[in-house]
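Trainee: For the record, the sequence lines run as chains A and B. Going by our numbering, 153 is the number at position 153 of the first sequence; the sequence numbering is gapless. Going by our numbering, 1093 is the number at position 93 of the second sequence; the sequence numbering is gapless.
Honestly, the hints are just simulated from the structure, not real lab data. Be a bit skeptical, because a hint or two may be false.
Unchecked claim - Ranges between beta-carbon positions, derived for each pair:
no.: 1; chain 1: B; residue 1: Leu1063; chain 2: A; residue 2: Arg124; range: 50 to 60 Å
no.: 2; chain 1: A; residue 1: Ala32; chain 2: B; residue 2: Glu1120; range: 45 to 55 Å
no.: 3; chain 1: A; residue 1: Leu28; chain 2: B; residue 2: Asn1085; range: 15 to 25 Å
As the list claims (entries may be wrong) - Just so you have them, the derived chain A footprint on chain B, three or more residues with Cβ under 8 Å:
no.: 4; region: 1096 to 1110
no.: 5; region: 1124 to 1138
no.: 6; region: 1230 to 1237
no.: 7; region: 1244 to 1250
Ideal Cβ positions, reconstructed from N, Cα and C, are used throughout, including at glycine.
One-letter residues, chain by chain:
2 protein chains.
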Amino acid sequence: MELFYAYEVSGGVCYLDAEESGHCVRVLRHRAGDPIDVIDGLGTLYHCSLVDDAPKGAQAQVLSTVPGFGGHPYHLTLGCCPTKNNDRFEWFVEKATELGVDDLVPLIGERSERRVYKTERAQRIALSATKQSLKARIPAVWEPLSVKSFLEMAHQGDGEVVPGDDRASLKLIAYCFEEASAPRISIREALAGFTGTDVTVLIGPEGDFSPEEARLALRCGYVPVHLGASRLRTETAAVTAAAAVYFRYMQ
Amino acid sequence: MELFYAYEVSGGVCYLDAEESGHCVRVLRHRAGDPIDVIDGLGTLYHCSLVDDAPKGAQAQVLSTVPGFGGHPYHLTLGCCPTKNNDRFEWFVEKATELGVDDLVPLIGERSERRVYKTERAQRIALSATKQSLKARIPAVWEPLSVKSFLEMAHQGDGEVVPGDDRASLKLIAYCFEEASAPRISIREALAGFTGTDVTVLIGPEGDFSPEEARLALRCGYVPVHLGASRLRTETAAVTAAAAVYFRYMQ
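The following block holds chain A by itself, in its conformation from the complex (with noise of 0.2 Å):
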């Protein structure tokens, strides 16, 4: 099964820019009247007719619709610091992106020795990915932000998460320094103990968190968690954070 993504899907027309085009029209060799399923990026898959096989503006004619395709039943936000070696993040990007992930924050931490991360590469590998693993909905990249902009921007006026309150969201910072102010469960414990939907993972830099970063995310409500005896690498950390989220909510 092949997907191709519509940048626009409108009047029942599923709209392909020249990239996906031209894979669809010459490297697959795609003609009008071919049958090809198309994602709109945004989570539904279309069950297409080829209508027009421009290999720099191929048009689909919308035959029948799949909401939801590939999806999963929770909403992850994982927020990672992007490592040194960008081709570690980037792999981490495709790999959550397989597990399932909606929302990818690269963080800026106080400790981060990358302070500049462009998107615009970890944008396509998504979008490949996502075509790759077959769901319909692209994660989303966010553009970079500091920590402490991530914590008061997403958790203004949060209280403290309620267990086994359905409503409300399950927001976890793994870290390893000692001096933690609060002790640590396993990442797993955690989440067996959540009976809702909406989960929040923070990871930090090789450098770690600040303790300042730390004392804030626990003021926003986040539960310290670690994620086992081994020490991993960051970007491998923030897989087996999205791992640990796919196990809980696997059928």
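Chain A is fixed; fit chain B onto it per the hints.
Mentor: Relative to chain A, chain B alone:
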């Protein structure tokens, strides 16, 4: 904490090869008398004092030993068919080592596009990831062998897995093809019902296992499992399986 690998430990002395010695003496500028931490690759950490800082053959005196350093409470044998793109398989070797794996078996399936696999680089990656993730035991990277050879060799005479029998080993095969002769359960469910510690998981090539290979695995007592709703790349599936076992035994 920095770990060095000793190719030999005898008479209370750890012997470092040229590469490890160069890293210890040239790069990190350790000198005779410095305390260093050395692993034997078999599971033991040695707290040492560097006694010979020769940049091509350093030696360290053992002061104390820590058996089972960085170990995990299970034995995981992970068989995976090398991917067309070698980087992807080497990435899997690194990540599985970080999470915890004991035997890495490059499998050549009937449908494998890659029929040949050289293990030298994978062994170096496993050593590096072992040190980086603070473990003393380096996973064994097997020489590649066919799926059928592995099943016949490793499981000669094996009976069916007895659920709940903690002396039994749990043997899982993940595959996607439809003409499955047995219904699949999730790897999470399969692990949850297992009380032992010896787990084997087989992950097929991009083209999946052949029906013959799957049938042979079932005869050898393998339980067919799925890795959830997402369609995962081969190397993602293999790391996800390692993560599933890691979480199963997480405290």
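Trainee: Decide, hint by hint, whether the structure agrees.
Mentor: Quick rundown of the hints versus the structure:
no. : hint                                : result
1   : Leu1063/B with Arg124/A: 50 to 60 Å : holds (52 Å)
2   : Ala32/A with Glu1120/B: 45 to 55 Å  : holds (51 Å)
3   : Leu28/A with Asn1085/B: 15 to 25 Å  : holds (20 Å)
4   : 1096 to 1110                        : holds (count 3)
5   : 1124 to 1138                        : holds (count 4)
6   : 1230 to 1237                        : holds (count 5)
7   : 1244 to 1250                        : holds (count 4)
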